[in-house]
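J.: Given next are the chains, with one letter for each unit.
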Amino acid sequence: MDQSQIRDFCIIAHIDHGKSTLADRLLELTGTVSERQMTDQVLDSMDLEREKGVTIKASAVRMAYTAADGQSYELNLIDTPGHVDFSYEVSRTLAACEGALLVVDAAQGIEAQTLANLYLALEADLEIIPVVNKIDLSAARTDEITLELADLLGVEPDDVLCVSAKEGWGAGEVLEAVVVHLPPPRGQPEAPLRALVFDSHYDPYKGVVAYVRVVDGELVDGQPLLLMATGVTTEPIDLGIFTPQMTPTERLGTGEVGYVATGLKTVRECQVGETLTTATRPASEPLPGYRPVKPMVFAGLYPIEGEEYSALRDALEKLQLNDAALIFEPESSQALQFGFRCGFLGLFHMEIVQERLEREYELDLIATAPSVAYRVMTHAGELLEISSPVDLPDLSTVEEIHEPWMRIQVFTPSDYIGPVMDLVTRRRGVYETTEYLDAQRVLLSYEMPLSEMIVDLHDRLKSVTRGYASLDYTFIGYRPGDLVRLDVLVNYEPVDALALIVHREQAYEKGSALVRKMKEVIPRQQFKVPIQAALGSRIIARETVSALRKDVLAKCYGGDVTRKRKLLERQKAGKKRLKQFGQVMIPQDAFLAVLRLDED
Amino acid sequence: MGEPFATFVIHLHNSQPCDTVRAMTRIRSTPPSHPVALYVHVPFCRSRCAYCDFDTYTGLEFAMPAYTDAVCREIEAAGERWGSPPVSTIYFGGGTPSLLPLPLLRDILHAAQAAFRLSPAAEISLEANPGTLTSAYLHDLRNLGVQRLSLGIQSFHDAELELLGRLHTQAQARAAVAAARESGFRNLNLDLIYGLPRQKLCHWQETLRTATALEPEHLSLYGLAIEEETPLARQIAAGALPAPDPDRAADMYEWAAETLAQAGYRHYEISNWARSGQECRHNLTYWRNEPWLGVGAGAHSWLDHCRWANLTDPLAYIQATAEGRTPIIETTPVGPEQEMGDTMMLGLRLAEGVATDRFRARFGLALETVYGETLRHLQDLDLLTWDGQAARLTPRGRLLGNQVFVHFV
Ligand SMILES: Nc1nc2c(ncn2[C@@H]2O[C@H](COP(=O)(O)OP(=O)(O)OP(=O)(O)O)[C@@H](O)[C@H]2O)c(=O)[nH]1
Ligand code: SF4
Ligand SMILES: [Mg+2]
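Protein chains in written order, with the working numbering: chain F, 13 to 612; chain H, 2 to 410.
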């Protein structure tokens, strides 16, 4: 296809504003996916994506389109995830596009990630096509949101497309706008090959499958390739395009998007951001590439059954092949024995990883409470980086502890400024600025320790603003804090995996809330179980789970035997989900109780 | 028992002597060498009680004659298949067996007499609902040879009876007991339920005192279990009723155990008490994991190392039997390991527990060899005693039975 007939674009939006559904309509209209094969959010192909109705991984697809001008175009679309944990997927995608459809829900309006993703796209020099979606909703405020969006982008309201991805209204205009308003790819067809790896997944047969956008030159099947960052050369198994299934082709020309099955067995050899060039006529300079993503949140993942440790390691390795943001290293705990300290982009990412491990690899896992990475300066002048509260050295040896701080931006109706302010300042947030987008909508900026944020800040924000607020955040740096370790003792034994690092002033409050919560989640056992919170050797809070007195099937006669055995089998399976700690069985929930201290 | 079971283990490894397998190959089953307990399921009730999730139906009384025919036919077929085994107990359970008109009951008993070698001292029990009994009926029952009557009293408080959705009042319950005595029943069981929502210990004490004053030979006390999808479960889920308090139920149980011991009852199973010698022989068969044959819709059987179940829908059951098809829907062979587990799970419910010599006679293995470690662990937890001769639940273990049983499934 002639380069001038190619358009590469992505769809960006706040979570759930209808990106994937809009993609469905475009695929349908261009005949890429037949009606028979169409399902809702067809690009969300992972089980977990389908179940949660959320896009987790960006996906690319090529469409052929004959425009109103009678000409044929090749459109390469990349659908992106909206959740803030996965915003790195968005930034990577942007480098493979000339334009972006910025989708806004006609009922919800502009939200925090609308802004965050828009700024990312502008930084990457993308043309923006504003789209108001879900205009079919009875709660849609189409005119109002159109004006807001036009205002935000400095365009005429007429330039804002109004669509209903669900009903298919306006999808044709979207395709026309893509053809008319977005520039074709700018690369040099005659130059040596430079292809940007913007994503990848691992295939047991084909090795690392790199998702590429050819920036300059062309990729031809059978050519040996050089990976410019790692210096690895490889003879790819095949290359092709997404239709959306992987479909082999002979070549990918300048500006085209597709995949290269590299045959490489580890993602380290072909990382996202890599530049592919031909081994015989290499380019002189690689493409700019990406800043590596840094995990923000850390938690221990432990198999409930000790024997599953090596299965867990294998599973993590495999998962990492598809998820460059996941990191892990072995860790051991007195309470939970052997497991892995894992780093995640956020709690949602953590939840997804845990679910995938449990589901795709059939593991039963316990996750410990998420923590952030602290930097500890000792009197001896050592600098330690710790991502687990257990590793915090004796405070008498510590000069200073630094913790990560974030800038958070809360986008909310102005009616809720008060409650948002309360919530954030209670969590050590420091107010910075208020920007009015219009009379009713404000963008509040704060600085706040990450540790205060990972614990359900998002849910709490939603609840104090009746669901209206949205949140975005970025890392700003490490700052010192007056931090201490809160230990939890179960049946008079400290459980290392339950320890927390907290601000000294919050220790008492958190300790009491924590033991209260633990009392709720630890099931009654055959003996009474005291639960205590301690700072050093000082007990600051205590609760007791009273002993279980009655747990017996009253009746068991002939016909019941099979049924009763099943009930007992279920009870036994339930017990297996608990971790035996001394005489006490502790459920997964207890390790995460710290995430729900604010509920009541 | 003893010898007959000694060959058991080998037997199982060699073949799978299952009913269905035999039915297919037309081989006659080996007649059970041990007497069999016969259970007859009567799946009819006037109305459904609020807590009940049993296999029973309302508004199906019209089908009772056809149902009786079907049961008789099934009994006949079983007699043939198993070679007229000895039968030492018959139990009519339900549902409400006392809804069955006398002639129908008689037909079933006659069919059983014809098909099996019914021992002259056989225990014949019938479950009855105090709300539906008349003196005439009770007299005739006695004359039919039914000697053991189990009355679903549940409570002696009208408010509680109403909450449970029972049809009868406490006055009717007393009258039923009196009428049963008058008709000559010398072996009477009263079923009572404790641990109701809002029930206080004193309410329960009153019910149990009233019950003992009537001097039944046998008492079954059941802690109320809230079964899914029952009206009671829905009321609790909707917040209209508080959930039963398990700690209070434990108090009630402990108080009952003490009181009944003083009154001279033997606590022979977790939920059952009897005057010495008046234990329910039929139910003992279940708890000793010995063979029984169940007939009727939804009935289960345990014979020849297999468990099987009949169609639950009475009309489907009637039709299958009428068309000469088997009403059995599911047959599961039980391997030795599971049979041992079941023997523990059931046997530990009994005061006699599981004795090592019986276990060895049956499985060819010592209890210690198979379960020694588990038994010692449970002994450490004060849930059972294990002296090398027999394993028995402690009083604490009786209240925490499931914590023990899970080790054997
Ligand atoms: N009524 C209505 N609902 C829509 C429309 N478009 C999408 N939705 C619904 O909005 C929800 C979210 O749609 P998705 O397409 O998954 O949104 P998304 O932006 O891809 O979400 P993430 O990828 O998780 O960020 C789904 O329940 C869709 O059915 C629309 O035009 N009208
Ligand atoms: S009488 Fe018995 S079987 Fe019938 S509904 Fe009531 S509890 Fe259930
Ligand atoms: Mg999506």
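In short, the hints are calculated from the structure, not lab data. The model shown is predicted, which means the values in this text are computed figures rather than measured ones. No residue lacks a Cβ here, since even glycine has one placed at the ideal position from N, Cα and C. Heads up, some of the hints might be wrong.
As the list claims (entries may be wrong) - Straight-line Cα separation of at most 25 Å, SDA-like style, residue types lysine to any residue; simulated pairs:
(1) F:Lys69 x F:Asp468
(2) F:Lys578 x H:Glu324
(3) F:Lys578 x H:Pro292
(4) F:Lys567 x H:Arg359
(5) F:Lys584 x H:Ala251
(6) F:Lys578 x H:Gly132
(7) F:Lys576 x H:Gly132
(8) F:Lys587 x H:Asp314
(9) F:Lys522 x F:Leu547
(10) F:Lys567 x H:Ala137
(11) F:Lys567 x H:Asp314
(12) F:Lys178 x F:Phe254
(13) F:Lys277 x F:Val192
(14) F:Lys587 x H:Pro292
(15) F:Lys567 x H:Gly132
(16) F:Lys540 x H:Glu230
(17) F:Lys522 x F:Asp326
Unchecked claim - Chain H side only, calculated, beta carbon under 10 Å to chain F, not exhaustive:
(18) Glu77
(19) Gly94
(20) Leu165
(21) Leu168
(22) Tyr223
(23) Ala250
(24) Ile271
(25) Leu401
(26) His408
(27) Phe409
J.: Run every hint past the structure and note whether it holds.
T.: Quick rundown of the hints versus the structure:
1. F:Lys69 x F:Asp468: Distance of about 23 Å is within 25 Å: holds.
2. F:Lys578 x H:Glu324: violated (33 Å)
3. F:Lys578 x H:Pro292: The hint holds at about 20 Å.
4. F:Lys567 x H:Arg359: holds (24 Å)
5. F:Lys584 x H:Ala251: Holds, at about 22 Å.
6. F:Lys578 x H:Gly132: violated (34 Å)
7. F:Lys576 x H:Gly132: violated (29 Å)
8. F:Lys587 x H:Asp314: Violated. Lysine 587 (chain F) to aspartate 314 (chain H) sits at ~35 Å, over the 25 Å cutoff.
9. F:Lys522 x F:Leu547: holds (11 Å)
10. F:Lys567 x H:Ala137: violated (31 Å)
11. F:Lys567 x H:Asp314: holds (23 Å)
12. F:Lys178 x F:Phe254: holds (23 Å)
13. F:Lys277 x F:Val192: violated (42 Å)
14. F:Lys587 x H:Pro292: With Cα atoms ~32 Å apart, lysine 587 (chain F) and proline 292 (chain H) exceed 25 Å; violated.
15. F:Lys567 x H:Gly132: holds (23 Å)
16. F:Lys540 x H:Glu230: violated (32 Å)
17. F:Lys522 x F:Asp326: violated (36 Å)
18. Glu77: violated (21 Å)
19. Gly94: Check passed: Cβ of glycine 94 (chain H) comes within 8 Å of chain F, closer than 10 Å.
20. Leu165: Violated - the Cβ of leucine 165 (chain H) stays beyond 10 Å from chain F, reaching only about 14 Å at its closest.
21. Leu168: violated (21 Å)
22. Tyr223: holds (4 Å)
23. Ala250: The hint holds - alanine 250 (chain H) has a Cβ within 10 Å of chain F, the shortest such distance being about 5 Å.
24. Ile271: holds (6 Å)
25. Leu401: holds (5 Å)
26. His408: holds (8 Å)
27. Phe409: holds (8 Å)
Going through the hint list in order, the structure does not satisfy hints 2, 6, 7, 8, 10, 13, 14, 16, 17, 18, 20, 21.
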